[in-house]
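4 protein chains.
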Amino acid sequence: MPLKPSTLALCAGALLTGLSAGATAQSPMEILQGDAPTNWGKWGEDDQVGALNYLGEAEAKNGAGAITSGKTFTLQIPMTSGSGPVFPGRVPTQHFMATDAGVYMAGKAEPAPGGIKYSDDVAFMYLQGTTHVDGLAHAWYGDKVYGGKSEATSVHGHTHADVGEIGKKGIVGRAVLLDVGRHMGSDDLHRLPTETCIHLKDLEATAEAQGTTINKRDILVIRTGSIARFWEEEPDEQWNAMNEPGLCYSKELLSWLDRMETPMIATDNIAVEKVVQQIDGETYIIPLHGALMRDMGVVLSEIWWLDDLAADSAEDGQYSFMLVAAPLKVEQGTGSPVNPVAIK
Amino acid sequence: MPLKPSTLALCAGALLTGLSAGATAQSPMEILQGDAPTNWGKWGEDDQVGALNYLGEAEAKNGAGAITSGKTFTLQIPMTSGSGPVFPGRVPTQHFMATDAGVYMAGKAEPAPGGIKYSDDVAFMYLQGTTHVDGLAHAWYGDKVYGGKSEATSVHGHTHADVGEIGKKGIVGRAVLLDVGRHMGSDDLHRLPTETCIHLKDLEATAEAQGTTINKRDILVIRTGSIARFWEEEPDEQWNAMNEPGLCYSKELLSWLDRMETPMIATDNIAVEKVVQQIDGETYIIPLHGALMRDMGVVLSEIWWLDDLAADSAEDGQYSFMLVAAPLKVEQGTGSPVNPVAIK
Amino acid sequence: MPLKPSTLALCAGALLTGLSAGATAQSPMEILQGDAPTNWGKWGEDDQVGALNYLGEAEAKNGAGAITSGKTFTLQIPMTSGSGPVFPGRVPTQHFMATDAGVYMAGKAEPAPGGIKYSDDVAFMYLQGTTHVDGLAHAWYGDKVYGGKSEATSVHGHTHADVGEIGKKGIVGRAVLLDVGRHMGSDDLHRLPTETCIHLKDLEATAEAQGTTINKRDILVIRTGSIARFWEEEPDEQWNAMNEPGLCYSKELLSWLDRMETPMIATDNIAVEKVVQQIDGETYIIPLHGALMRDMGVVLSEIWWLDDLAADSAEDGQYSFMLVAAPLKVEQGTGSPVNPVAIK
Amino acid sequence: MPLKPSTLALCAGALLTGLSAGATAQSPMEILQGDAPTNWGKWGEDDQVGALNYLGEAEAKNGAGAITSGKTFTLQIPMTSGSGPVFPGRVPTQHFMATDAGVYMAGKAEPAPGGIKYSDDVAFMYLQGTTHVDGLAHAWYGDKVYGGKSEATSVHGHTHADVGEIGKKGIVGRAVLLDVGRHMGSDDLHRLPTETCIHLKDLEATAEAQGTTINKRDILVIRTGSIARFWEEEPDEQWNAMNEPGLCYSKELLSWLDRMETPMIATDNIAVEKVVQQIDGETYIIPLHGALMRDMGVVLSEIWWLDDLAADSAEDGQYSFMLVAAPLKVEQGTGSPVNPVAIK
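Residue numbers (this note's numbering), protein chains in the order written: chain B, 18 to 361; chain V, 18 to 361; chain Y, 18 to 361; chain X, 18 to 361.
So that you can see chain B by itself, here it is in the shape it has in the complex (with noise of 0.2 Å):
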């Protein structure tokens, strides 16, 4: 008989003294972010959505004061039932019809009175299966999640900063792409290659290149080109959760984030950031994550479809637009599907 692959040992005695694992030392993302910023109790003690509380109704107006011809863009790549792309360990989206016309032309059931005949379907999925918004809480380090709250919070729901409160909320403001893969890649698809782990000075850098003004409260929307990869077909261009060009930790981009009060970061790659990171010699798995979603409160958005969208601003030199992305209000949720709209 094959042996259990999933069983694991119990570790008796983190259970004796009633401390998580990562509770009796501190790990080496309590000590490197132990003097970076934090926005916890800024928008008082139970804040459940962090730095979009930048997003308010002048905001909103702002964003809308972006548009200019009024084409609109829908960000969501597409769900096919079956099909990536997911990170390692979930699987894709499927999808069911419950019914439709076989049951008539099979002559199992008649039209409804009068005439009426339909359709139905349902759907089992990870909720960050697709272009997704995380709940504050999804990602943490230490004991804690997003607000200094126990991660015990988590627990078979999120009774804290699930994403279900950033549905309530809604995301509204203004926008910018940062089109790094058209600025710094090297191919004719704009890409970036594969190992780019994306500075500080790389945003900047196109910024400038595009002619863009990045202002305080902009939700910040990062192209690299990555995704597209997934739809590939050529066996060197496959795509990779674990070997994406993302954002790269520093203490640069935190306080530059800080500063410019940045509500949200949404790209089009499966992390945000690279995965897999060295900092003073150390890896870390998804850096960011603990330092922008848990400390500074910071949104995090992925998987977003940006090549059409990039390509229009190409050709017309407009960065900036109206962004309107509301993640469904699932209670007690860590992500939600979102498919987001820029309005340009």
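Simulated from the structure, these hints should not be mistaken for laboratory data.
All values reported here derive from a predicted model rather than from experimental measurement.
Mixed in with the good hints there might be a few duds.
No copy labels: a pair is met if it fits in one copy or bridges any two.
In silico DSBU-like links for lysine-lysine, alpha-carbon gap of 30 Å or less [stated by the list, open to error]: (1) Lys78 / Lys161; (2) Lys268 / Lys88; (3) Lys161 / Lys88; (4) Lys185 / Lys218; (5) Lys268 / Lys59; (6) Lys59 / Lys88.
Following the hints, position chains V, Y and X against chain B.
Using the frame of chain B, we list chains V, Y and X on its own:
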């Protein structure tokens, strides 16, 4: 052994001829709609988004022009795992954590290198089991869906007029709230009695009472006050999908919507219209779905949460706003959850 | 906006000490069970199948020895998509066709090379949402599950005493049907009134009336007649998970089962026992689960369909049979659906 | 925007005539099977379990008669959440805890009155995504399924020859293990090379080498050794659903199975037979499914775990046993998971 409740006798005759039951003779809907307005072919033979074609760049800008304060409302109901409201035959969304802090607390997992921990979640859901947008092929009569394509296009996934096409286009424009519940409702909660069938004159009277001008190509957002009954505790107020207030079929209404080039109708009940309607002595189930969705291509969206927006509108007198709603790009999907955003 | 019904206040104190609520003071179950029989350690420190250890090769042969005619009964209730019975909080199994002849009839797919066509299907289900076997760690009190392992072993998958271990062992032995419903029921349907709490003397009286000898290590299959109420139409007979006839907690029963080396108890109600019981003035929910499953390792199996088997036994007087039941090998699972087979 | 990979052009012609594609001309399978054995009508016009009718009371007793030691083997592979093997297009079973001790440890729930705590779980699964039994209507050719009923009976749930009917009957009888992998395999693991197509003479030679008599109405359990490759680590041993050893179509095999009144064939590969077969220069996908399941009503069951049973049989020389297998009573289902039990 209990009998199979769902086993249905097969209509051998229908199978032999290869015709669906509804195709052998004209249904009441086919007769009723004989001379009603249709938009098939108006936007090309293969059009999949119907009256949404009325919403272009000018209408997006016009929507933005409705913004005065920048105050924002998100119009989805909460998605509470295991809780409706849902149409009979569906079950409420089921939400589960794939992982959370419990695994660290139990000593079953270690944080990632560097110290990051995370949660992840899944959902099983009926795609129309919360606030949602219907694809244009969701309901039909005869053997053709919107645009004149065969009903067979719906089988195991809509290959014509799926909701994913609406997700690709997005919905951006000027909308007006018609708070019929407040204008005609008799109770303190500004709700329509459950038996109310809303006529064109009721919409017009509401608009007049509100001082609201309805423009061509405005999205109509109609409040009945009905869906809030779902969360009420009084037995005589219990919500019932089959007996909610809703729009009433009439040729006058169809003509008016056609003249107004209405792209979409959204409501705070489960079916936009009264589910069971009597027309000329004949019983019809959701006849407006046949007339609006299948023949005119008007997009229908249901189960909106309008009470907060309506209370605010009653206070400041502003009933027009920018509406941005983007259902998910569910390929071949019948419907999609949506969290619409109103910006006043 | 409706309030979140499922948002729960956190017990900060419990988290600070790292102890679960039930561990800070003895619960009534801990006091009640202080001197009750326990089998922890009896079959080794890491045993996961408890009293099923009583079933070995001799008992399998003994089971086969009970066969007389070879008549066979399958004892699962039907799995009807969208239909229960299920415990409150669960939803019935949801079954969907992933593909079927509709795709060929609609011209959407071609047969495979050579001409083969096929159908495929999926289900979303609560694993205890039909006739099922519970893993021994499914229910507990204090902070320990069966065998004395920490309750933390259950977190996001049982790493001790999951139902998969029972699936690996299988259940094969001699079983006796105790048709208490027929012996004590007052109606024509041979059902117990819903308020009935079944005592040891009732089991003994039933066996005597049947002329049935209960041997050591016999699997006990107890018929109440309850579950059939689910498919009844009379309002006063409506099935209610919280108010079914079932076994009654008593020390006498525990001692007798211990002496009889009973490996498993199966019933045609949802909880084996009466769900709500009063013991010495204290209210208990499913106390026998604590005593039998957690302390003695007796396997519990519920929602069996026994009416056909019982009618046959009433006719031929044979109440003993070979029982073969194998829950699925759901690794880390709490429960598993099962279709038990009785061979007389 | 990426193109929809799953959008399929509709066969307008097929729809107009109302005939499925396969019905307009004879498929190779229809020609090939023209004179092959069929059991349609043999057990009544509405029979749904086919050759399982060969298993009656005498055969159940006969099965019990094969027991010598009482040693028991459960023959399902492990159900590991997120892990296969599955046929391309399916995803592995997804298992989630609906609740567990985490909620008590996090202070989010209190034990029930008296002190009981519990866990609960759900699964989303392809019903043929583990060891399973196929309903007789699962695969067919032409426009008819087993018994001559229309393929339309499969639409959105099999109303003829669903797996639930097999669940109601149960499978109880004498079985013989034919360990072809051990007899013909070249390696230490007693496995057949992946390209092996097993012929009738191979079965006969294996039986002879084992000293096993195959009786009429014996269930055939055929070991290839294939499925264990799924858990192997060597790249050149990687399991591939499309290239496993399996039975080979031949008229001789069909005739022999017909004469032997074989009720069921079970194997440790994913399709019983070689998935791709060449017959008279024509390519066929799973042709034995057409011949055995659709025409003869022989029940097929796949992905069994036979290595432990086979090793034991090699040691004691006993290759016959009682087999008890009961798929779940999934009404209208195509397939069902099963955990078969062998009692030697």
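Hint by hint, here is what the structure shows:
no., hint, result
1, Lys78 / Lys161, "neither (35 Å within a copy, 44 Å between copies)"
2, Lys268 / Lys88, "neither (37 Å within a copy, 35 Å between copies)"
3, Lys161 / Lys88, "neither (42 Å within a copy, 33 Å between copies)"
4, Lys185 / Lys218, "neither (35 Å within a copy, 34 Å between copies)"
5, Lys268 / Lys59, "within (20 Å within a copy, 57 Å between copies)"
6, Lys59 / Lys88, "between (36 Å within a copy, 22 Å between copies)"
Comparing the model with each numbered hint stated earlier shows that hints 1, 2, 3 and 4 do not hold.
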